[in-house]
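S.K.: Sequences listed follow chains A and B, in order. Position 71 (the first sequence) corresponds to 71 in this note's numbering; numbering is contiguous. Position 308 (the second sequence) corresponds to 308 in this note's numbering; numbering is contiguous.
Just to be clear, a hint being listed does not mean it is correct.
Said to hold, decoys possible - Distance condition first, Cα-Cα at most 20 Å in a straight line; then the derived SDA-like pairs of lysine to any residue:
| hint | chain 1 | residue 1 | chain 2 | residue 2 |
| --- | --- | --- | --- | --- |
| 1 | A | LYS135 | B | GLY17 |
| 2 | A | LYS135 | B | GLU222 |
| 3 | B | LYS236 | A | ALA78 |
| 4 | B | LYS236 | A | GLY109 |
| 5 | A | LYS135 | B | GLU221 |
| 6 | B | LYS236 | A | MET74 |
| 7 | B | LYS148 | B | TYR119 |
| 8 | B | LYS236 | A | SER72 |
| 9 | A | LYS135 | B | TRP395 |
| 10 | B | LYS236 | A | ILE60 |
| 11 | B | LYS236 | A | GLY90 |
| 12 | A | LYS135 | B | LEU19 |
| 13 | B | LYS236 | A | ALA117 |
| 14 | B | LYS236 | A | GLN197 |
| 15 | A | LYS134 | B | ARG18 |
| 16 | B | LYS236 | A | GLU88 |
| 17 | A | LYS134 | B | GLY17 |
| 18 | A | LYS134 | A | GLY109 |
| 19 | A | LYS134 | B | SER13 |
| 20 | A | LYS135 | B | SER13 |
| 21 | A | LYS135 | B | GLU224 |
| 22 | A | LYS134 | B | TRP395 |
| 23 | B | LYS236 | A | LEU139 |
| 24 | B | LYS236 | B | TRP395 |
| 25 | A | LYS135 | B | SER225 |
| 26 | A | LYS135 | B | ILE381 |
| 27 | A | LYS134 | B | SER225 |
| 28 | B | LYS236 | A | LYS134 |
FYI, nobody ran anything at the bench for these hints, they're computed from the structure. Remember, it's a predicted structure, so these values are computed and weren't measured experimentally.
Each chain, letter by letter, is given below.
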Amino acid sequence: MATPSTSAPIVQAAGLYKSYGNLRAVQDVSLSVQPGEIVGIVGPNGSGKTTTIRMLLDIIRPDAGEVSIFESAMTPAARERIGYLPEERGLYRGQRVVPNLLYLAELKGLPREHALAQADRLLERLGLGQHRAKKIQELSRGLGQLVQFASTLIHNPAFVVLDEPFSGLDPVNVRVMKDVVAELRAAGVAIMFSTHQMSDVEELCDRILMFDYGRVVLDGPVVDIKRRFAGSEVFVACDQAPEGVYGVQEWRRDGDGYALTLSQGCAPEQALRSLLDRGARIDRFELATPSLEQIFLQVVGSRRE
Amino acid sequence: MSKTWLVARHEFSVTVGRLSYRIFAASVPALAVVALIGMVVFRAVASDDDTQPGVSPTSSEPVAVGYVDLTVGPDGRPLFSGHPQQGDTLFTPYADQAAATQDLLAGRIDRLYVFPADYLATGIVTEVRERRAGLRFDSGSGDSALHKFVLANLAAGQVDSALLERIVTPYRIVTLGVSGAGAPADEETDLGEALIFVIAGILYFVSALTASGYLLQSLTEEKESRIMEVLLSSIKPEHLMFGKLIGLGAASLLQMAVWSAAMFGFLMLAPGLISELASELLAVPAPGALLLAFAYFFLGYALVGTLLAAVGAVTTNQRQANNITAVVIVPTMLPLWFLTPMLQNPDGTLARALSFIPITAPVASLARLGLGGMGGLDVAISLSLLSLSVAAAVWLTARLFRSFLLVYDQQLSLGRVVRVLRGR
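Chain B on its own, in the form it takes in the complex:
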């Protein structure tokens, strides 16, 4: 096994073995489990309350609604005598309010409405409820069903059945996406690809931050514990740096994988929650989108990781390193500050500039790709500049590694850094 891989394996196993890493990695799955348990408990409570009078059940179960109609229509008959079935809700007329109230209290009906004699003049409908302490769960289903029930009965006989249907349900919106040429586009593919870029952007950002933290911790610990000189007698500084980048990047990716799996599991298991989003996540994205997302993720991590390795090399302790880390991390976050103008104009000058500057390119480009506002030429320029900057960063950091890894207990001198970079 090459020395680089040995270092990578060591860094990975040491980092993954840390208690802090395990707690951090387990935090999202733990939150997902807690959220799932909370939802199950919530549903159980709601379901329990559904058996009580005065509390409406969830929309997926049939709802029994009772009503007392005291109105008299123009034809001398009560206004609400038809259209009893509205979706899952069945409206049952009661002649006597006392009997209806008994059924409500006994749980035989879920709701009870009273249409008074002057309803047409006032529009007032009385809902009879059991007065109880504690929570009361209202679902919109009952109200919506009541709305349709009232409309259907008021308009019955006034209009034909087709118009009546439109009065009760005026519209249903469906969307049609179109491509640049104006042809209808595949909505699922577009959404799936956009999600890939969004996920890659989030993964890049979080893993770059976490891996950089691990990298700085590893380097400064080795400097502080004075093991660096032993390592450098066995391995070249460049190989040591690459090994750390690979190992700590893998540890960070493992953490991301655990978090992603936890979130995915949550989406799958959470009852009725964002099921459409979950199904999009399940869809296999286009290979080109995957390749682009991976390229930006990999090159972005390599650039940020290498620059932070340089920070770890030139600083002598964790505190000093943490102070200088901002020099690398803040520019990385720059596109997030300009997210609004980028969302408004993903192909504008600002968005393009940010996707060409290597340090901001990964976040900016992934955002633009997700928004569908990045052309092939821009992608090529952006990836080329990013690749060149990674190569330059590796070269410069290797120089700093050789010169600074054995510098202990000294103030950081910018002049010395510059001299080393200039080869003096």
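Bound-form chain A, shown alone:
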């Protein structure tokens, strides 16, 4: 796998713009991905995610802005270090699995004999060993997707872009792919991961880029963003209602506990101390951080309004 690096970003973009006729698909997008980092790209349909990815990979040219990949403009050698699983997936349906993989690997600069060994290894790793002699059209959609995932990784890329990689997969195969992605990160591969599934982003990504109307509206580590949107809610599981507790503006029953909205200026530990002072037996007390989905709806929803 790729050698981990802690210095320069694998890919860096500054001020990207792209329009199709009157439609401004991407506006002033800047981003970077470090080695060993998984960056999640989220956003509504048509928000500019795929266009940005295509510009990063030199599939389409930006109207303005710069892309640097492996510390330079796109070169043939750089192309060979990139693995791309596009949202619009496809393989040569009339061909068998291994010839498909070999051709795509050779296009990435891998010698045929190495490609064959890699194909064998990846097909076994992804549980596709028994399907290697089948034609693509004989495989289920999910298995075909796994073959395409194998084609994305067959040349040991240092930068991997996965556009909706888990759509259409059963939970078992999703788990297999997630494990492989985790292995790639551990090996120092930089990964860009576009999805609508916020739970996948929370599980896998170190950082997110949220797109809306062609712009990046949120950028940062997942933990920081969740903390930023955590606000003033806490959850407490205790044996009495938090009536009259210091700093609690309002409360409501929430499952086996209570959701408390604290008044401005009241720290969560002050509310906790007040509860303890009242003799409440507390089983659990935690900051109620919003899910990424809630943050997404909040950010995108507010822009729609």
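Let chain A serve as the given structure and place chain B on it in line with the hints.
M.R.: Structure of chain B alone, referenced to chain A:
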């Protein structure tokens, strides 16, 4: 190996591996084999019938003809008493028609003619045949031999032997070709060169059509299967286009080679068929003619292939692509529609114009070269314009490739095509 060659190799192997390609490529050899078998069977049947009475053999074997002469000439002797050997045919006189008929039925003679006593007055000669069901094979040899036999005997003694020979065989035509300066020309070389241009024209036309079909199929399949985006993350659109043109052109040429070999084999093996043409095909043509033929073939294919690649890029499915293909293919065929005036005047205005217009130049120029009506200046202008148009087509198609290869499920917009070509 460069990416272009990888694509070319892939396109070649995928196309050649298709069942439809193999069936199409094998069609001409199969037809040649069937035709050969048919000819062999035909000959066997004819040969079998040759052993039967009343059926004449082929001209290459001696023919025995019997005749009964009941005529009386001015000198009191029968009219047909001499000149029994006419080519491969031997005329044997019979005194008795019944005995002659027995020999005919027994197969000892192939034909039997009876010259009646009033022959001089009526000109009637009776041919005696066995009445049989089924086919009857007549060769002209017997009739021709009879004609000469009758002439030789009627004129014998009336004219000297030299004049008699001319009466029997009045003439034999031989041809003499002359060059522009009036000097005798080498007929074999001329024919060989003409054949090269004719063959190049046919090859160009058929391979351009077949390769364009493969190209459109390949591009639209890749668009429909959505593999295009993966390819474009690995290779530049221009390299992808060149690879396809080379690979599919090679597949088409292989098909042409198989067909040519089959036709050549047929000409060589077919008994007595067009042997002169076959020997011309065997003759080594002049290097200049070969070079010209190759130049027109290569540039013509590059132009048509590149334009059809553009069609494949801007269309989103096979049906749409097939509809627009005519825009390229029909102009290519234009010289065929004007073949008659071009044959009549290969150096005329129409022929010259068609050989200068890039899309019609390959067919028109190869036809003119084959007819010997294209001067060096015309060739230079034609090839220059064709080369320039190939370069322009490659440049424009590369732009379309980058802009349209990832356009799926959309109606083709001419306005967008124009905007892309204008760089907007």
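S.K.: Work down the list of hints and note, for each, if the structure agrees.
M.R.: Here's how the hints hold up against the structure:
1. A/LYS135 / B/GLY17: holds (14 Å)
2. A/LYS135 / B/GLU222: holds (16 Å)
3. B/LYS236 / A/ALA78: holds (13 Å)
4. B/LYS236 / A/GLY109: Satisfied, since the Cα-Cα distance of roughly 14 Å is no more than 20 Å.
5. A/LYS135 / B/GLU221: At roughly 16 Å apart (the allowed maximum being 20 Å), B/GLU221 and A/LYS135 satisfy the hint.
6. B/LYS236 / A/MET74: holds (11 Å)
7. B/LYS148 / B/TYR119: holds (16 Å)
8. B/LYS236 / A/SER72: holds (17 Å)
9. A/LYS135 / B/TRP395: violated (36 Å)
10. B/LYS236 / A/ILE60: Status holds; Cα separation ~10 Å.
11. B/LYS236 / A/GLY90: holds (18 Å)
12. A/LYS135 / B/LEU19: Roughly 15 Å between the alpha carbons, so the hint for A/LYS135 and B/LEU19 holds.
13. B/LYS236 / A/ALA117: Status violated; Cα separation ~27 Å.
14. B/LYS236 / A/GLN197: violated (32 Å)
15. A/LYS134 / B/ARG18: Status holds; Cα separation ~17 Å.
16. B/LYS236 / A/GLU88: holds (19 Å)
17. A/LYS134 / B/GLY17: holds (16 Å)
18. A/LYS134 / A/GLY109: violated (25 Å)
19. A/LYS134 / B/SER13: holds (18 Å)
20. A/LYS135 / B/SER13: OK: A/LYS135 and B/SER13 at ~16 Å, within 20 Å.
21. A/LYS135 / B/GLU224: holds (17 Å)
22. A/LYS134 / B/TRP395: violated (39 Å)
23. B/LYS236 / A/LEU139: violated (30 Å)
24. B/LYS236 / B/TRP395: holds (13 Å)
25. A/LYS135 / B/SER225: holds (14 Å)
26. A/LYS135 / B/ILE381: violated (51 Å)
27. A/LYS134 / B/SER225: holds (17 Å)
28. B/LYS236 / A/LYS134: violated (30 Å)
Going down the numbered hints, you'll see the structure goes against 9, 13, 14, 18, 22, 23, 26, 28, while the others check out.
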